[in-house]
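Both chains come to you apart, so use the hints to assemble them.
Here the protein sequences line up with chains A and B, keeping their order. First residue of the first sequence? That's 1 in this note's numbering, and the numbers climb one at a time after it. First residue of the second sequence? That's 1 in this note's numbering, and the numbers climb one at a time after it.
One or more hints might be untrue.
[What the hints assert, rightly or not] Per the computed footprint, the stretches of chain B lying under chain A, defined by three or more beta-carbons under 8 Å from a beta-carbon of chain A, are: (1) 88-97; (2) 106-120.
[Unchecked claim] Here are some chain B residues pointing at chain A (derived, C-beta under 7 Å): (3) Ala-58; (4) Leu-60; (5) Arg-103; (6) Ser-161.
[Unchecked claim] Simulated restraints on C-beta separations: (7) B:Gly-182 <-> A:Leu-10: 51 to 61 Å; (8) A:Thr-89 <-> B:Ala-62: 29 to 39 Å; (9) A:Ile-64 <-> B:Glu-193: 50 to 60 Å; (10) A:Leu-95 <-> B:Asp-176: 46 to 56 Å; (11) A:Pro-182 <-> B:Gly-268: 49 to 59 Å; (12) B:Glu-139 <-> A:Leu-22: 41 to 51 Å; (13) A:Ala-152 <-> B:Ala-62: 26 to 36 Å; (14) B:Glu-31 <-> A:Leu-95: 50 to 60 Å; (15) A:Ser-78 <-> B:Glu-139: 23 to 33 Å.
Worth flagging that the hints you see were computed from the coordinates, not collected in a lab. In this text, all values refer to a predicted model and were calculated from it rather than measured experimentally. Virtual Cβ for every residue (Gly too), placed ideally from N, Cα, C.
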Amino acid sequence: MNRRSAFFVLAALATLLTLAFLFAPLLAVFTYTGPRELAEALGDQSSREALLLSLETTAIALAIVVGVGTPAAYLLASRRFRGRSLVLTAIELPLVMPPAVAGIALLAAFGPNGLFGGLVSAAGLELVFETAGVVVALVFVSAPFYLRAGIAAFAALDARLLEAARTLGAGPFRAFATVALPSARDGLASGVALAWGRALGEFGATLLFAGSLQGVTQTAPLAIFADFSKPDGFVSALALSAVLILVSAALLLGVKLLGGDRSIEGTVGR
Amino acid sequence: MSGGAATVTGAAAGLRARVRVPLRGFELDLELESRPGTPLALCGPSGAGKTSALRILAGLLAPAAGRVALGDEVWLDSERGVDLAPERRRCGLVFQDYALFPRMSAWRNVAYGIPAPRRERRAAALTMLDRFGVADLAEARPGSLSGGERQRVALARALASRPGALLLDEPLSALDAATRRGAIERLRGVLAELDVPTVLVTHSFDEAALLAGSIAILDRGRVVQRGDAAAISASPASPFVADFAGAAVLRGEASGEPGGLTLVRLRGGGELRSVDPAGGPVAVSVFPWEISLEPPGAPHSDSMLNRVAGEVTSLTTVGNRTRVGIALPQPLTAEITEDSAARMKLEPGTRVVAAWKASATRVVGGR
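One chain only, chain B, in its complex shape (with noise of 0.2 Å):
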């Protein structure tokens, strides 16, 4: 991009939004704040309300009442009236099918929003596209586009306007899973260069928790629970929350084995196993319920291939299960049931050993 991209007005200021509106079968009454450095995702069950709090940001949804303000630029305030048109909100959204104007070509596409002469939009077009690794596409359509590379073209299109905030409904689930992979880690490294305030949308707990810093889980049109995802993992406010809120992710270093397992050497220490292929930096992802918890040198069973000790950060009751915060040092949640955590005597500070099948193992995002 020309000479001073990156830093617009306002763009170290966050994105805050107080907004009420009436869906189908219940109100969305929400209240989020995202700043530039700490993206934040939405993440609940479909119908949750999730699009259409993003819909509001962008200014394509009227709430019925409601406060929305980049920094102290007011793009939405019902009492005084302000309501900005989505075209004066600097707002890049990245829809979930990406919306690719069909009869542009991939470049045109990304040149429709660049705020700059006419004549000079192509090679901003063209420098935004080789950023994210699909110059040689300029000139396809976006249907002859695999699905990788309309999110690609997709997210050059939103940045290359230079949004004030960046707005991401589903980014990847219009992708296959082996294309996720690479897509996840892409998306990562992108929003970790980005200095303007971002807003996720997704329904996988796994994807908010590899791509945003903070996250709001949704139900109902309401936040049930804010916080980062380990600690929304160990520590589930509601039976829903946790049984929506489940994976770990853990990240490491993975190589192959013979038997064809991957072996994960993790950030911080310990080392697990997946029947999932991989190299190289990774994350994998395991659910509560699928580890038990060990006293250090119990007899234990050979089907469970992964054993890492740690130590005990947090104890968390909900209904009849409790929910264990486990330090690697990398954040691990165990889910056991109550009478085995009075059993086991776990308080914080207790070393337990945590075991789980390497099937039970995913990697979720890494080359």
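With the rest of the complex left out, here is chain A (with noise of 0.2 Å):
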């Protein structure tokens, strides 16, 4: 055996191990729970709550995620500036600290008795025990993945591109729309997946933050947790997770064919 095919062996095996380990329990999951679970667990009202409560508050999270994060993440990438790698640093912080770190970060911040408590109340906003209180734990745990992928998508724009697009008569806004945003797409995408997968999971931050009201902030993280915690609990809490898995499946597909992500259009034959 020569040693080119040897390390492909090597490599074969490794690539093999890697698959089964990630998909075992995944595999698990839809094993134990057939068709009849799976409607049973969307028929249970508190389940049904749970998991539109996770769509809802993910869609508003990712909507002011990608308004706001998007210029941001143009500025950042464009502008080069004192402290600029600081900043960027300082972005990705929250990607490696711990969701109930997060959660206790941002009681300390928002919460009754925080540092900035008397904005939000004289703002006249309640957050803890509150949806709006899930919306914000999960702007702060999602947006460092957008903002990422945004920064690294419009640092590889051709920046004459914007400028010739400036001698064609565009303004700022239109050559932003019309050519830094279509070149940035793929990016941006998979920026929004990333970023809508991490807000579907999240659980800490979320638990610590809002607390864990059915209907009001018991997303379907915190729903499983709370059916598994039940005596014999254990199978409607895999119900809802296959649940969760599949609409999180389907959500990251449709966000990545929407995006032309060609990493994914070879996995589905396009």
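What follows is the structure in structure tokens.
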């Protein structure tokens, strides 16, 4: 056996091991959850509420992240200023922050007795034990994923394309919308997919900051944990998990296809 | 283009600029004027500040101080705090690598800057592409176009926006040698028809001589000589200009000859041979240091296939070499040592024979 094929065999083994390990839990969830259990899970009032709340809060959080994050990512990618690398590192800090720490930090900042709690209540907002608090937690944990992808996408943009647009009569807004955004589309789409995935799975920060009130702050992951904590709740927790996996997968695929992500196009045979 | 196309306000007006800006290692300090019908070439080696000059004109780079105006329309006046954004200057800029929008088809690239209602743009863009002979590529993305096709789309895009001035940054440098010859002739035709001031930037004196009516030689941010190509080549102001601004460009009609050589009958008289294949109207270039001068009727060696008689029009000594301007009647420049010039007793009006090899004669323009 020559060295090249020995390497190939080892790499193939590693790949098999990786895939088997990653797919084993997924396989188990769907083995235990037949169509009947899935239907039951969706029929259950609290599960349905949790799922809808998850979709609603993640959608709002993503809208905020994309709306505010896109121009911010563009500016951070295209301007050089003192302390820029420090800012870029700080943006990524929530990525490595344990979710429970994020929840505590959010409480310390925006909780009733937090650093900016006065500002929040002066604005007439209630966050703790409220749906708005879930959105705040989701934005906090998911925004770095989107910003990172967005900054990378805009940094790869050829600045002369924007200059060409300007000399052709486009103002900064039109140049951004017609040249910068389409060029960064793939990167932004994968940022949306990553951020949305992170938001859908959010657990710790939401639990600590907004609590787990059914119908108000109890998102699908929190409902799964609530089910799991009940005696004999394992099966319904599994069923809701299966639903959440399907929803996440559909969202991920949808966003990536919308963004024209080539790595995904290959896997779905386009 | 739709009715009343070409003539826009101030179209007959010249583009004038006087700007100063510190660049890496030196200061760009430039004064220029370009009138419609006489394209101006900023010509100089890499890093002389040519592209920065164009970017200042287009509004993409802010100078430390200066004034830029198209006719009576002031684009920049640092003393009065005027600095129009690029989109308000009506400046068509053709980028060095064309900077076509990669995700738009050719016609959408061209339509991008057309100042017309959205639904009229497609027809206008197609007309413009047709003018450049690439209407059949309207739906193609830039990535699938050849260099020559990209250049045409880029020109169509710049001109479709009805610019008040046209700026070209090394318009031919992204093309391979074979494409370049045809592209030069086409560009000449386009520039000749334009009624707006044109400034082009090139590191090649041949290109400047072919495309521009007026040349400014730029060295480290400063114009070291201005004039037309023949005058600069015949009377370089400094050794730098002499080294840089060499080639004389001659125009004529080419035809193939047995033996694989190309015969070029020069406009106004005389003929020469080149080893480059060509046919029809062409431009050829020859460097002054390739040419030797002889008195008429002198015995000659046979390796010089080209022998054209002419009259000395000027003598300029730069260092220990002398540039001799000759009328064939097309202007040609020879470079000889100061000694030879003295021995031959050259002076304006002297008849001489200019001799050089066919292999030193490059076909630079033509089909």
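Inset, instruction - Give me the numbers of the hints this structure contradicts, sorted from smallest to largest. - result: Hint check: nothing fails, all pass.
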